[in-house]
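Protein chains in written order, with the working numbering: chain F, 1 to 516; chain B, 517 to 1013; chain R, 1014 to 1192; chain L, 1193 to 1300; chain X, 1301 to 1936.
Keep in mind that the hints were calculated from the coordinates and are not lab data. Owing to the predicted nature of the structure, the values given are computational and were not obtained by experimental measurement. Hints may be right or wrong, so weigh each one.
As the list claims (entries may be wrong) - For lysine-lysine, the following DSSO-like pairs were computed, each having C-alpha atoms within a straight-line distance of at most 27 Å:
#, chain 1, residue 1, chain 2, residue 2
1, F, 34, F, 280
2, X, 1511, F, 498
3, F, 280, F, 498
4, X, 1667, X, 1846
5, B, 898, L, 1299
6, L, 1299, X, 1906
7, F, 28, B, 898
8, X, 1667, X, 1851
9, F, 158, B, 898
10, B, 894, F, 28
11, X, 1884, F, 158
12, X, 1844, X, 1667
13, X, 1673, X, 1851
14, F, 486, F, 474
15, F, 28, F, 498
16, F, 158, B, 894
17, F, 34, B, 898
Claimed, not checked - Calculated from the model, a selection of chain R residues having no Cβ within reach of chain X, i.e. all distances over 10 Å:
#, residue
18, 1019
19, 1021
20, 1028
21, 1032
22, 1089
23, 1094
24, 1101
25, 1104
26, 1139
Stated by the list, open to error - Not everything, but these chain L residues come out facing chain B in the computed CB check (under 10 Å):
#, residue
27, 1202
28, 1204
29, 1206
30, 1236
31, 1237
32, 1239
33, 1253
34, 1274
35, 1280
Using N, Cα and C, we set each Cβ at its ideal position, and we do this for glycine too.
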Amino acid sequence: MHASFPILSALILLPILGAVLITIVSNKYLELVKVIAMVFSVGVGGMSIWLLASFKSADSGFQYVSQHDWVTSWGISWHLGVDGVSLFLVVLTGILFPLVILGVDPHHDHKRYLAWLLLLEAGVMGSFLSLDLFLFFIFFEIVLVPMYFLIGGWGYDKRVYAATKFFLYTMLGSAFMLVGIIATAVLARRDIGYLTFDLVTIAEQASFATNTGRWLFVSFAIAFAVKVPIFPLHTWLPDAHTQAPTGGSVILAGVLLKMGTYGFLRFGLYLFPAAAVWAKPVLLTLAVIGIIYGAIAATMQTDLKRLVAYSSVAHLGFIVLGIFAITSQSLTGSVMQMVNHGISTGALFLLVGMIYERRHTREIAELRGIQSVAPIFSAAFMIVMLSSIGVPGLNGFAGEFLILIGSFQSARWWTIVAATGVILAALYLLWAYQRVFHGEPDEANSTFAEMTLREGALIMVFIGLIGFTGVYPKPMLERIEPSVDKLVEHVVSHSDYKAPTTPKIVAEPHGEKAGE
Amino acid sequence: MVFAATLDGPSIPWVELIPILSLLAGTCFLLLVGSLVPTWPRRGYAWVTGISTTIAIVANAVKWNNLYYNKGETFFADVIAIDRFSVLASITICLAVIFGALMMSAYLVRMNADGPEMYALLLTSAIGALVMVAANELIVLFLGLEILSLSLYLLAASNRDREQSQESGLKYFILGGFSSAFFLYGVALIFGSTGSTKISEIGEALSGNISIANTDAILLVGIGMLLVGLGFKVSAAPFHVWTPDVYEGAPTPVTAFMASVGKVAAFAALIRILAVGLEQRVDDWRPVVWALAILTVFTGSILAVVQTNVKRMLAYSSISHAGFILVGVEAAGHVGSDGVATSMNYLAIYTVLVMGSFAIVLALSGNTDGETNLSDFKGLAKRRPALALAFTVLLFAQAGVPLTAGFVSKFAVIKSSVEANSYVLAIAAMVAAVIGAYLYLRIAVSMWLEEPASDSEISVDPAVVIVIAISVAATLIVGFFPELLLHATRLARFAPL
Amino acid sequence: MELFVFVVAAAMVLGGALGVVTRSNPVHAAMSLVLTLFGIAVMFVSHNAHFLAAVQVIVYAGAIVVLFLFVIMLLGVDKAEDLSVEPITNQRPLAAIIGVGISAIVIAAIVSSRAGLGASGEGVDKTTLESPDANIRQLARVIFSDNVFAFELTSVLLLVAVIGTVVMARKTKAVGTGK
Amino acid sequence: MSFMLSVVQPTSTWYLVLSAVLFGIGTIGVMVRRNPLIMFMCIELMLNAVNLSFVALSSQIANIDGQVVVFFVLVVAAAEVVVGLGIIVSIMRRRTSLTVDDMSGLKG
Amino acid sequence: MSDLVWLIPALPLGGFLLILLFGRILGEPRAGILATAMTASSFVVTVGVYLDLLSRTAEERHHVITLFSWLPVGTLHIDMALLADPLSITMALFVTGIGSLIHLYSIGYMHGDPKFSKFFLYLNLFVFSMLMLVLGENLLVTFLGWEGVGACSYFLISFWHTRDSAATAGKKAFVTNRVGDWGMMVAMFLAFSAVGTLSYEGINAAADGGKIAAVTATGIAMMLFVGACGKSAQLPLYIWLPDAMEGPTPVSALIHAATMVTSGVFLLTRMAPVLHASYPWAGDVIATVGALTALFAATIAVAQTDIKKVLAYSTVSQLGFMFLAIGSGAYVAAIFHMVTHAFFKALLFLGSGSVIHGMHHEQDMRKMGALRKLMPITGFTFIIGWLAIAGIPPFAGFWSKDEVLLYAFANNRLLWLMGVVTALLTAYYMTRQVIMVFFGEARWNDHAEENGAHGDHTPHESPWTMVTPLVVLAGLSIVGGAMQLPFSKSTHFLEHWLEPVVHHSEVSIADTWAYSNKWLLLVVAILIAVSGVVASIAVYAKGKFKIIEPKILADAWRYDSAVSAIVGGPGRAAFGGVAAFDAKIVDGAVNGIGTEVRAASGLLRKVQSGLVRSYAFVIGLGAVVLLAWFLLRGIL
């Protein structure tokens, strides 16, 4: 690929092209539709991996930047770029979509389903790549439409309710952000001299009065808090997750929620460092509440999918904790955990979906003893579950640990409380596992089919990522960290926040120690 | 005692009047030839309407071109202002007339009642609208308003086979007359306090060139009366009460026409009065517009929640849109704000959206023009996917989903509002937009997620197809390339200023 | 003298107006309207608006009210409206509040700023014995110079009225598919 | 008495007040009458009130424009009556006894 | 040789992976043989490393090999690195050694189980994790192993997952361990923020160098101790361990007696300098908890009837001893007791497993008796184990327990007293167990019919694969004490060996009363042990006294049931309350807004009555309000 190839634009536009092609293709050639979806999603996935491979890991700035004027009278440009914060989210998006497209079939109407999925992919990619406030908002918001139709069209019995709730709730959050975005650009004009929605320009050149910055931050924070979701704005999530089709749930948990946390990083910390520092205690508290509360609520769920959904609330609480602790480790951990959560919760949703395929129920009470009849399936579930619990050596731990150890430096008591979340995570997942997989299978469950080859291959990709990231996260960390450090510096230099410094006590060589 | 006083009439700016004259000629042609030649070729009336409107558009376009480096001037003893603002509004109105004529032809062909009168009324109402948007004199404005309104009353009541149509016509008429009286009273009081009925002169009077001491109360009450009258026409809450009933009852093409042309004209007039005539009294009217805007956005979106008739839903949504435009108008009350431009932008986009939406309603409304219940839209995606998709695009555009023109319009007015520091208003409007989105979602659910109630063939008139196609295309094109429209509306200026 | 004229005319105006609002029979209401219109015509005269007074009598009393009466008779709706019941709860007191409120507000505005209503124009020519047509001449000059556009517009307005009559009065075609 | 008559001269304000009262009566009429024709008459009352104001103001501020306006209002009123009565006639031809309260099929 | 340290965990990991891939193809018994071979090779490597270290001077017995950089972020540099030093190699030696034996034993024990290969899969994974735990160069690698053994423990306890009790026990173990893990994580956070590293070397050097404030050090130590309490089953977190007996007996032997449960002791010893730098009360807390646990568990063991439960509580009790030692500053004694305990407790568990195997999965001691004749080797080795744990010289347990008590005496005589009582009880209940199982009359005949379906219901001796480990362990239990004999400074082999690791922190009791009178204490210990044995014989063999087995002791002081009641009652209710709060209040508010909007819509609809006159009123009202506002602006 030539260096000047606008790869980021292609990442966004290709899925759209695919969706358009799918829409055009006649209903008679359903197979062709699948092929198109596969080609485009795999193509985008391949490009994202190429992006990962050729990403310059030491560079903390934005790479592959492409910038073109768009709406000149408002100072809006098509400004894309990728850095350590967004890189892995882009890659995750690139990987997750083909997996969902290849691995999970909708029950009807492939054509529209695939078209919506590809549009969704474009929207998600755009959100992660945009470096223009307006552009970001557009993608952030447009994502609602395909997701709405995916939930509403291919979901389960209460799908319309869930889809509507999802749409309106998230849109309400964005309503505040839209005003915030405009206000940001308008107010920044004083410092910059012209109207622009360019993220980098505003962040680097504009400074907001203390109170103004806080209000602006709040307006953004509401939108992101809904998207993440942060307690107490989370209740759309269990409904949406539960009612969404499996593919939708995977995408929803895998990448859509990350748009909120990513937004906090990219648009909360970067744009309004002082306000973010000011809001730190509140968000940390909400994050910790989310961790504990989500876990407790998960424990008591009777619907397996709902349980996983609530576990997302808890997990995302960790990510928010890491973001607002604002240390190198916690932020790196948060970025990493975004990806990790996408992988492990995505996989969990896939597995729950497979259970539903087989048993047509997600009620924990109706499932029992599956491990006896489907040991491989159970093993896969177990591994993914352990990753979700945060067992070292699997990916979930690496991120969670970095978040906690980083957060401890600047938010000690919150972290101590948050860490109890690991106990609860074990509690609700193991309890659920016990009820679903352990015990003697009853009649209905005794014919539970073992994992098929295709399902196995699908899950193996996830497990591979889970294992690799858990054991060898360094390649990931060294790409994330420079950008994160830059962000921390940015916050420190634009606010009264002092990044905690860890003491540099060089370990004395063992031999000299004896001399004391 | 000057018996031989010569009459110094103003020179007549024929060139500037071409759009109005063209429409007038079309009207006369329709009426005269229509009554002389009993059988016309199929859709002949629509063609005449279209051609005369096209001439008007071309004339306006030429004017726009001339005005590019010159913001315009007033003519005819300063009663008509031909400026970028009025030209833009005129073009919008003329486009709406073409859309309206297309829909009308489809409607009349289906009702087997094609005749020249309806088109003539379309044209006369457009004349009224063109006068309104260009009027620099309150009496001319009033006359334009009445021409527009009377035509619309008649159009609304024109389906005499349908009780609802007549009911809507009567309601519209009574309440319209009621509100006109308020408007007129406002003109009287302002005339009393400023000594003029010319908008630009009022502005000058208020800026202190002419001494007017101690007439605040009468002036302000006059402004209030004007706002009541125009508030009625733009259906701003609480003067919106007629809107749902009239929109629901009127024949669908008329509803579309009312919702677009009526609103554009009334808003243009309102904006001109407020921004040109009452610029000095911004502090007085801005809070009122603020309150009206909030009331309107919320009334429109909240009331839409429980509706079951799509036409009525769209009526409420149009109220909500009016509220959004008022947000832009409110912003226009601030120095240096581009509220005028963004309101104009909103109006132009709104016209396209509302035309397209009602065109789809028309396509489905059946032979009685009455099948507009939400249940009639069930499973449309299965019966006519393209139609459903088009409607979805238009509905989501109205909801303000990005990459559609509807988003551009909302973004623009919110931007103006924010630039004018009206944060509360901006946020309130956005929250209302979310509530309003529920309405569009309900229709989308009906179309996409429910099973069709009947599988009877839906035949769509080609004229309607044209309207839908153009509006959907415009919605998307402007959504992707807002600059195309923004560039034009940004230049909207008033002549004497 | 002027006071006398005012009082009499005001009585006609108000009496007529109250009659329109309160008379149950439409014919009576129409006649009351005539009374009001005449009263107003008288007031026009006292303000030197002789031409308008004439037009008021000819157009309003002569044409419009006749049209009303004609329609009443045509439709045979001259039955008295039962005004003793009011189907809408509290409509009358509420209406009274609104009417009184609007009047009160306008009166308050007028009273508070009456002193400021100073001369702003070139004056209204008074009709005198020397120039009995002063008012008409002045009006004509203004209408056909500055207001010629508005004047021309009235033609469009009347055109609409004509079309309206056609649309509303024309016989309904036998619509096959309509209901 | 004649003293009074000669001293107290009605000013324009009197007429304006009268017109305000007339306008108020007109609004009340629109709200309380059920016969569309009479409602329409009440609207005419309101227009006349405005006319009166215009004329009074015209002489008060010595500006002939007020009278011009009245002229146009008269034309408008005439046209409105034609159109309005046309609509009413076309409705009443179908339903003889009619009050506006009966026309409430569209609501909600 | 020390560079091959990585092979020590790698071999079991390899075994794990091989069985994971080919387990089904290998089948029984090849999977078991493979796993055993892997662990045994690991043992061989460990011995090699041990010899290598032994050949160096004390200062050089410290070898770090870094495999790769694991979590490098900013100032945090965590390497996947292994540390070979006397402590870790000691641990690795008995982990791999006993591990190999138990693997071998399992081949026989798990014979015929449908999930035979899976068992060895888990076992190898466990050994790998345990080795990572002990060999870790930093806290995080240890934590990796720490959690790994927890997970394996979970897998193995719930190995027979179709049994609800097994599944529940597994879950309970994992969750309770997690409580401790929380403590360990917080300890790591504290350590990092205080020192900027997680490597043992760095932290311990900082602690030795006085660079960690006492308060921080205490925090770290206490949090580590919380972690240790979880993993090593101390009060109040011990509750999972007795339940863990639901797992197959080799698991109990390996994980819940010999290796995993000792990791808390290991960790505190590893971090001894930090403990040393803490406030003195930190040690007191540890010692007290240890002593209390020891006594508490011992009282419970007295009344248990399940052969494994006795051993389980005994394990808890013995672990308490180790913590008593650590709290008293006697790290060497703790490690010493840990090693000897590993020998004899593994022996006892395996022996009990052999009995259970022979009794066709009967675990109730009341249905046993007189088995020594039918199961001679098992019986003989079990008796050796009994003597060792009871503290009868010269068996291994005697020496280590005496060492612990010596230090306890020097530290705090009340705790010593508790230790002594525990020792008495230990001798008492172990004797009781031996008598009930191997002596007296054969009570299993009464229940033969119940087991009739099993065919051959006569207890039998186990196969060689099971017996061989018993013999080896019995041997070790006999001679194990030789590691650290109190006769003179020169016989403190273990102390010398561990000196590079703990000498800064090890308490010195050389000038205390206890040290000068240690022979006296030794005699007291012997007397105590003997009297315990005698008392038990008197009660159970001779029937001279009434058997005292209070119900409350059989019910473990009802602590476990109280915890269950709280967790299952108010705890569950509270959780349910939160879930209900979420559904009703939080989500209710959201849906409530929807309902309210609807209601508002319904209300506003009334305005749209369809009546023109009402509309006129609304317009008029609006006009009045609007005009009034303007009027006020004009007048005021």
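Going through the hints against the structure:
Using a Cα cut-off of 27 Å, the hinted pair residue 34(F) and residue 280(F) is violated, with the two alpha carbons roughly 46 Å apart. Restraint check for residue 1511(X) and residue 498(F): satisfied, since their Cα atoms lie roughly 23 Å apart, inside the 27 Å limit. Of the supplied pair hints, the one linking residue 280(F) and residue 498(F) holds, its CA atoms being roughly 13 Å apart against a limit of 27 Å. At roughly 19 Å between alpha-carbon atoms, residue 1667(X) and residue 1846(X) fall within 27 Å of each other, so this suggested pair holds.
Note on residue 898(B) and residue 1299(L): the hinted pairing is violated, with a Cα-Cα distance of about 31 Å set against a maximum of 27 Å. Between residue 1299(L) and residue 1906(X), the direct Cα distance comes to roughly 9 Å. Compliance with the 27 Å bound is thereby established for this hinted pair. A C-alpha spacing of about 15 Å is found between residue 28(F) and residue 898(B), which places the hinted pair at or below 27 Å, so the restraint holds. For the hint linking residue 1667(X) to residue 1851(X), the alpha-carbon distance of about 19 Å falls within 27 Å, and the restraint holds.
Distance check on the hinted pair: residue 158(F) and residue 898(B) sit about 21 Å apart at the alpha-carbon level, within 27 Å; holds. Our distance criterion of 27 Å between C-alpha atoms is met by residue 894(B) and residue 28(F), whose separation comes to about 24 Å. The straight-line distance between the Cα atoms of residue 1884(X) and residue 158(F) is roughly 18 Å, inside the 27 Å bound, and the hint therefore holds. Using a Cα cut-off of 27 Å, the hinted pair residue 1844(X) and residue 1667(X) holds, with the two alpha carbons roughly 21 Å apart.
A distance of roughly 32 Å separates the Cα atoms of residue 1673(X) and residue 1851(X); the hinted pair therefore is violated under the 27 Å criterion. Between the alpha carbons of residue 486(F) and residue 474(F) the distance comes to roughly 18 Å, so the proposed pair stays at or under 27 Å and holds. Of the pairs offered as hints, the one joining residue 28(F) and residue 498(F) is violated, with about 63 Å between alpha carbons and a cut-off of 27 Å exceeded. Between the alpha carbons of residue 158(F) and residue 894(B) the distance comes to roughly 18 Å, so the proposed pair stays at or under 27 Å and holds.
Proximity of residue 34(F) to residue 898(B) is assessed by CA-CA distance (about 21 Å); at most 27 Å being required, the pair is judged to hold. The beta carbon of residue 1019(R) sits about 26 Å from the closest Cβ of chain X, which is more than 10 Å, so the claim that it is off the interface holds. Remark: the non-interface label on residue 1021(R) is consistent with the geometry, its nearest Cβ contact in chain X lying 30 Å away (cut-off 10 Å). The beta carbon of residue 1028(R) is kept farther than 10 Å from every beta carbon of chain X, the shortest such distance being approximately 23 Å.
For residue 1032(R), the requirement that its beta carbon stay farther than 10 Å from each beta carbon of chain X is met, with the minimum near 19 Å. Under the 10 Å C-beta cut-off, the non-interface status given to residue 1089(R) relative to chain X holds; the minimum distance is some 22 Å. The Cβ of residue 1094(R) sits about 13 Å from the closest Cβ of chain X, beyond the 10 Å cut-off, so the non-interface label holds. The non-interface label for residue 1101(R) is inconsistent with chain X: the shortest C-beta to C-beta separation is roughly 6 Å, within 10 Å.
A beta-carbon of chain X is positioned within 10 Å of the beta-carbon of residue 1104(R); the least distance is around 6 Å. No beta-carbon of chain X comes within 10 Å of the beta-carbon of residue 1139(R); the shortest separation is about 32 Å. Checking residue 1202(L) against chain B: minimum C-beta separation of about 17 Å lies over 10 Å; hint violated. Annotation: residue 1204(L) was flagged as interfacial toward chain B, and the flag holds, the nearest CB pair being 9 Å apart, inside 10 Å.
Interface restraint check for residue 1206(L): the shortest CB-CB distance to chain B comes to about 14 Å, outside 10 Å, so the restraint is violated. The beta carbon of residue 1236(L) is positioned within 10 Å of a beta carbon in chain B (closest approach about 9 Å), and the interface hint is therefore held. For residue 1237(L), the suggested interface contact is upheld, since its CB lies about 9 Å from the closest CB of chain B, less than 10 Å. A distance limit of 10 Å between C-beta atoms decides the matter here; for residue 1239(L) the minimum to chain B is near 6 Å, and the interface restraint holds.
For residue 1253(L), the suggested interface contact is upheld, since its CB lies about 5 Å from the closest CB of chain B, less than 10 Å. The interface hint given for residue 1274(L) holds, since its Cβ lies 9 Å from the closest Cβ of chain B, which is under the 10 Å cut-off. Among the interface hints, the one on residue 1280(L) holds; its C-beta lies about 7 Å from the nearest C-beta in chain B, closer than the 10 Å criterion.
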